[in-house]
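As you go down the protein sequences, you meet chains E and V in turn. Okay, so the first sequence: first residue is 0 according to numbering that gives the first Met the number 0, each after it adds one. Okay, so the second sequence: first residue is 0 according to numbering that gives the first Met the number 0, each after it adds one.
Errors might be hidden in some of the hints.
Unchecked claim - Mimicking EDC-like on lysine to aspartate or glutamate, the simulated pairs with C-alpha atoms at most 20 Å apart in a straight line are:
| no. | chain 1 | residue 1 | chain 2 | residue 2 |
| --- | --- | --- | --- | --- |
| 1 | V | Lys456 | V | Glu114 |
| 2 | E | Lys86 | V | Asp108 |
| 3 | E | Lys56 | V | Asp49 |
| 4 | V | Lys335 | V | Asp287 |
| 5 | E | Lys56 | V | Asp108 |
| 6 | V | Lys335 | E | Asp140 |
| 7 | V | Lys97 | E | Glu115 |
| 8 | E | Lys56 | V | Asp337 |
| 9 | V | Lys56 | E | Glu45 |
| 10 | V | Lys326 | V | Asp286 |
| 11 | E | Lys97 | V | Glu82 |
| 12 | V | Lys97 | E | Glu155 |
| 13 | V | Lys86 | E | Asp140 |
| 14 | E | Lys97 | V | Glu87 |
| 15 | V | Lys97 | V | Glu114 |
Simulated from the structure, these hints should not be mistaken for lab results.
2 protein chains.
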Amino acid sequence: MSKEIVSRAADYSQWYNDLVIKGGLADYSAVRGCMVIKPYGFSLWEHMRDQLDRMFKETGHQNAYFPIFIPKSFLSREADHVEGFAKECAVVTHYRLKTDPAGGGLIVDPDARLEEELIVRPTSETIIWNTYKTWIQSYRDLPVLINQWANVVRWEMRTRLFLRTSEFLWQEGHTAHATSKEAMEETLRMLEIYAGFVEEFMAIPVIRGVKTPSERFAGAVETYCIETLMQDGKALQAGTSHFLGQNFAKAFDVKFLTRENALEYVWATSWGVSTRLVGALVMAHGDDDGLVIPPRIAPIQVVIVPVYRGEDQKTPIDQEVGQIILKLKAAGIRVKYDDSDHNRPGWKFAEYEMKGVPVRLTLGSRDLSSRVVEVVRRDTREKMSWPLEGLAAALEQLLGQIQENLFSKARTFLTDHITPADDMETLTAILDGKGGFVSAHWDGNPQTEEKIKELTKATIRCIPLEAGGGEGKCVLTGRPSARRVLFARAY
Amino acid sequence: MSKEIVSRAADYSQWYNDLVIKGGLADYSAVRGCMVIKPYGFSLWEHMRDQLDRMFKETGHQNAYFPIFIPKSFLSREADHVEGFAKECAVVTHYRLKTDPAGGGLIVDPDARLEEELIVRPTSETIIWNTYKTWIQSYRDLPVLINQWANVVRWEMRTRLFLRTSEFLWQEGHTAHATSKEAMEETLRMLEIYAGFVEEFMAIPVIRGVKTPSERFAGAVETYCIETLMQDGKALQAGTSHFLGQNFAKAFDVKFLTRENALEYVWATSWGVSTRLVGALVMAHGDDDGLVIPPRIAPIQVVIVPVYRGEDQKTPIDQEVGQIILKLKAAGIRVKYDDSDHNRPGWKFAEYEMKGVPVRLTLGSRDLSSRVVEVVRRDTREKMSWPLEGLAAALEQLLGQIQENLFSKARTFLTDHITPADDMETLTAILDGKGGFVSAHWDGNPQTEEKIKELTKATIRCIPLEAGGGEGKCVLTGRPSARRVLFARAY
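Whenever a hint applies, use it, and build me the whole structure from the sequences.
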């Protein structure tokens, strides 16, 4: 057991921070609310990003890049949108600094005030739809299927590494369609891509659902989401896909000529996931010894640690490892050989456990003469002695097993933490006790939703897309309800 | 000849804009000085970025991400640095908007003023070295070899798509070393990587050199650069690699414990290339019919256009093209089949010429029955009829030839445009005539450099790393000079 990490039981929140910082994922920065993503964390993000990018491209999307600045007036064009973002944005008012003539150092040059203030993008619907106006004239120009990888800024008052930072990295898809039906299909297609990615690559099971009106994206007609569950029983929204209807087309006057020669407003979607997913990964799989990273997105899938005394022992190990690495790389396995002499093997074992590397190989002189290697799984801690012969194929299989095991463990946890409740007492008891999602009837009234939130700190995470379990009575008001929804306390 | 593009001879500057906009690379945006990078342009940038990223990683660098905001006080820490960047930066002063109680719409909330203004990063030395302070304690922590792909903002008054925009995309490497020698080696290693990339992938020959003190990066001890030549005879700086000495280590107090247990300041480098390279590509290879993109970085290397009347003719062509695409993809060729029925073949020919696709294949019914295909090179316009048999291998070879031909043409142009001058009259006549680089003696005095700039609008692009042609007399002052340097008018 590593001594540097607080246990989940002792202080879940501190445990999370310990994993992020001591696992080498990120660090606080000198700028309030902004983080530094360290090389190991960024490499993890790169693996996630590259996989998502492949999935977007396979479904016909192209990347593009739009300005980081949004003219203030653009925000106001869509009434709900401005409501959602105006209160937490970084505002650029000047374009020059100068030396204070009064000797006060560097000051903002009052002569360099912008005529119109610029907002550092919190999301890009407005600037993008203003651009689409010039790109879209006819049904022939549709659909437009564009994605952007970018940084965005939302001025958060209470921040947490990865989960809620003032600046974060994300992708935002912005598509334009000729019909409502096509736009809705796209909305659900992207939801499905997110669900597939999070389940198959991040090994985190998701619940697909739709948000209640009060939890919708500012400017959307419907917001679809994937919700995940963390080990402390709190929910985390992992991705959203919005059906925007014609809201932004109307706000920016984007019309197109249909096949029938009529002029109509364009239909839109937008969808995004962010570096927040890294936080979800930490909290879904980590344990009291550190990170546990699913093999399919792990920057290092296999680490090799040599055990030796003196160069005489090390040379033959180096040679054998050279061969192993060639074979592992040929099998597409991401492998690292840590033969640094600054640190002892025991220190390295703890270090790579902390970093969540799925498999560790240890090779010593005795192993070498028996042609075996010690293999340790990060997920189960199982320690095995395997023949060097056929190692690459065996490791490929093991990595697959670890991936499956992580998902299956997380799925069991999720299934065990969806609990029905038919009255407020039960609902509250579950939230205060085992946590997780509570499946309960709701009368569809936003005030009921608000009241339950006040009473329990839980929100409706989503109305699941799968069957809602039939009719019943609202958990708070007793009024009729068509189906159950999922409540939870959330990140 | 495409009618939509102004010719280079008629208006070089307009020709450039036509290529960028009509070639589908980028567009102006609603935000002054910022551009929208369109899907085709972004795909080109992705191919450039991915190749550079591989080269960085192969030389031991890792990516990371640092905040977009720089506290105002950080800029002031390094005297030259603040001098270089304070006059052209976007300043965030507030973090909230609100509805004007006086009915003036959305206004900056005066109660949400930041205690310290934040600068949108023009470059990240300051925020990164402030972070390195916490990462580096001992020689064991060195070297730190980090790169960041990011957007940066420099408030430019006169902007041009790709060449000079207020926001641009780039990479910035920031490395930390134990010795001056190592840092200098890194500086030159990265210069060599840039040179290799620009020559081998972008097919643009470069001159490697070092900047004069007046052209150095703000905060550098030495700035190395690669200079390229555009078709109008103006030079373009394509990349820079800076030896920063201990300047930023001193400004942010970053010391390390040496092997000998002494405390010393860390040595630094930084290096970057940007989306400006896309502009260089356009101007180096484009012609009066549009873009000409070197195969190794072309988003589409081969486009296939079918020629048919009616579905009866189209179906067998589609089937054949399906087979061709499989073979080309297996050979690693990026291929697009444009069978859209909105546009005629002639329109498509012009379109892909405009987009600079290296090779076009045209397949009609008659070709199909003779088992041949029409092959047209974008660079030479050569039109050939090739057998379908063995097409993939032949195209692979052709793409290699096109890559070589573009480079060789550009190299001849460069060689022909480095002209010696031994007096001001000749120097001026060359600049006003054929243009390009003028190789002339300079006495090493910044005032001489400034005076020549006033007289000719040419700057010293660099002191080439290769031999300087022996001693001589300064072209302006007649004072002794150790070697020749390169003058040019530049972008």
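Each hint tested on the structure:
1. V:Lys456 <-> V:Glu114: violated (43 Å)
2. E:Lys86 <-> V:Asp108: holds (9 Å)
3. E:Lys56 <-> V:Asp49: Holds - the C-alpha atoms of Asp49 of chain V and Lys56 of chain E are around 16 Å apart, at most 20 Å.
4. V:Lys335 <-> V:Asp287: Roughly 24 Å between the alpha carbons, so the hint for Lys335 of chain V and Asp287 of chain V is violated.
5. E:Lys56 <-> V:Asp108: The hint is violated at about 41 Å.
6. V:Lys335 <-> E:Asp140: Answer holds: Lys335 of chain V to Asp140 of chain E is near 18 Å, not above 20 Å.
7. V:Lys97 <-> E:Glu115: Holds. Lys97 of chain V to Glu115 of chain E sits at ~15 Å (cutoff 20 Å).
8. E:Lys56 <-> V:Asp337: holds (17 Å)
9. V:Lys56 <-> E:Glu45: holds (13 Å)
10. V:Lys326 <-> V:Asp286: At roughly 31 Å apart (the allowed maximum being 20 Å), Asp286 of chain V and Lys326 of chain V break the hint.
11. E:Lys97 <-> V:Glu82: Judged against 20 Å, a Cα distance of about 9 Å means the pair holds.
12. V:Lys97 <-> E:Glu155: The hint holds at about 16 Å.
13. V:Lys86 <-> E:Asp140: violated (42 Å)
14. E:Lys97 <-> V:Glu87: Given pair Lys97 of chain E, Glu87 of chain V holds - Cα atoms ~10 Å apart, limit 20 Å.
15. V:Lys97 <-> V:Glu114: The hint holds at about 19 Å.
In the structure shown, a violation is registered for the earlier hints numbered 1, 4, 5, 10 and 13, in ascending order.
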